[in-house]
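Enquirer: Note that the protein sequences, when read in sequence, are chains G and Z.
When the count follows the numbering used here, it moves up by one through the first sequence with no breaks and lands on 242 for the last residue.
When the count follows the numbering used here, it moves up by one through the second sequence with no breaks and lands on 312 for the last residue.
Hints in this document: simulated from the structure, not taken from any laboratory.
Glycine included, each C-beta is placed from N, C-alpha and C at the ideal position.
Don't take every hint at face value.
To be verified - Derived DEER-like restraints, expressed as beta-carbon distance ranges:
1) F23(G) x T128(Z): 35 to 43 angstroms
2) L234(G) x R298(Z): 48 to 56 angstroms
3) I108(G) x D183(Z): 31 to 39 angstroms
4) G12(G) x A245(Z): 33 to 41 angstroms
Chain by chain, the residues run as shown.
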Amino acid sequence: MRNMLIIARRELGAYFATPVAVVFIVIFLVLQSVLTFNMGGFFDRDQADLIPFFSFLPWVLLLLVPAITMRLWAEERRGGTIELLLTLPVRVWEAVVGKFIAAWCFCAIALVLTFPMVITVNFLGHPDNGMIVAGYLGALLVAGSFLSVGAAMSATTRNQVIAFVAAVALCLLFAVMSYPLVTEFLSQRVPVLAEVARGLSVNERYLGFTRGVIALPDIVFFASFMLFWLVANTLILQARKAD
Amino acid sequence: MPPGPDNSADATKSGRNQGNGGTMDTALIEMRGLTKYFGGFCAVRDVSFSVARGEVVGFLGPNGAGKSTTMKMLAGFMTPSSGSASIEGHDVLRDGLAARRALGYLPEGAPAYGEMSVEAFLEFVARIRRVGPDAVRRALALTSLDSVRLQPIETLSKGFKRRVGLAQALLHDPATLVMDEPTDGLDPNQKFEVRALIRAMAPRKAILISTHLLEEVEAICTRAVVIARGVIVADCTPAELAARHPSGRLDDVFRALTEAEAA
């Protein structure tokens, strides 16, 4: 437990040791604002809410979260520091969770920095702030889910580009699983799988949060989703830490 | 577990130790039949030897002979295909955490987090190893890193980086040290300093170092284990090793031992 926090603290420090973190946050904020104001028609809608903001968010996270996670283990492999880290008296899962916590904190910082949006809608009208809080919680859970997938992909390779592409592909799969494109295709052939696909879709679960509904089944889904990928990450590392 | 049989097992074990003149209970590193396959290729075959307190064992062999693979298995980073190893009595597989807690390990190439300062990096390792800030100060002094302690590791020269790796391995003052090429990349003066440091620590510790520098074996090692193509071909004192060739020079013996099978 303590090792986990020591590793998380070191990792988070490493993010801010280079300008990469700042560049990343700036890109995130610019992209998210452009999508919200231009493509989302924030002003034209004439509504005091953050619906356009939250509807674009998972797609931005889909691209940017794998950019955070690609270096997580791939870089440790390339630099040889994985040998240093895993020959210290730490358990593999402590290192996995420590790195995950650090990356999640980084995402949380990026999300918190979108606060001017919240101020803007509150200045212009009377939004349902409870709904906004629920939306942020959902966004944080989506970010955590994509992070856990990306971290596991990063553990499979020493090549950051492969880690990035594999993570985007897998995250995209879990994002669009509930879309008609997938479900209609499946229901025509194996109807059972269509229901399963809808149940496993990250975006479908996120939708509830953006409407202000914090449902226990959704929270349980996100928690188990992250747990599954963190366990996968640990097993991948244990099996091939020296490769 | 009933206490009776347990006690008697202990008694026979300590009895055997005394019979061996006390060498058993001072063997801090033990390898029994360590074997590692990479696919069909056998990198290390049936390596067995032990290192006792007070010994500095030089692990010699040409590049690719299996030195680093053996050390990675000792450090718990690679899983042996068969055989076992223990550090201070803790099996590296079954009791890996305790083994890694006891061991001071310098991986090949002395990897470290480049963006961190020397001091921050050592403080990180110190926190994981549950030792205080005075341990960091002691390690910095031992490896003469005080002058660069606030510099990012990636900006340091090769010699300094190697010493950061050494400092990290010495941080918790371990009784058992495994170091993969501790003097690689150091200039002659730095080599001299590191060897002096190893010699000074030797009486209190069991030290295993890998090297392909024969003068290093003569300078600091009490025993030399030569490995070629994954198999141990010699295990004796440097003087005995030198005596194996008419010329009495270690390089001749080394060449004869490690090239014999290729011919």
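Enquirer: Evaluate each hint against the coordinates.
Expert: Evaluated hints:
1. F23(G) x T128(Z): 35 to 43 angstroms: 36 angstroms, holds
2. L234(G) x R298(Z): 48 to 56 angstroms: 51 angstroms, holds
3. I108(G) x D183(Z): 31 to 39 angstroms: 34 angstroms, holds
4. G12(G) x A245(Z): 33 to 41 angstroms: Holds, at about 35 angstroms.
In terms of the numbered hints stated before, the structure departs from none.
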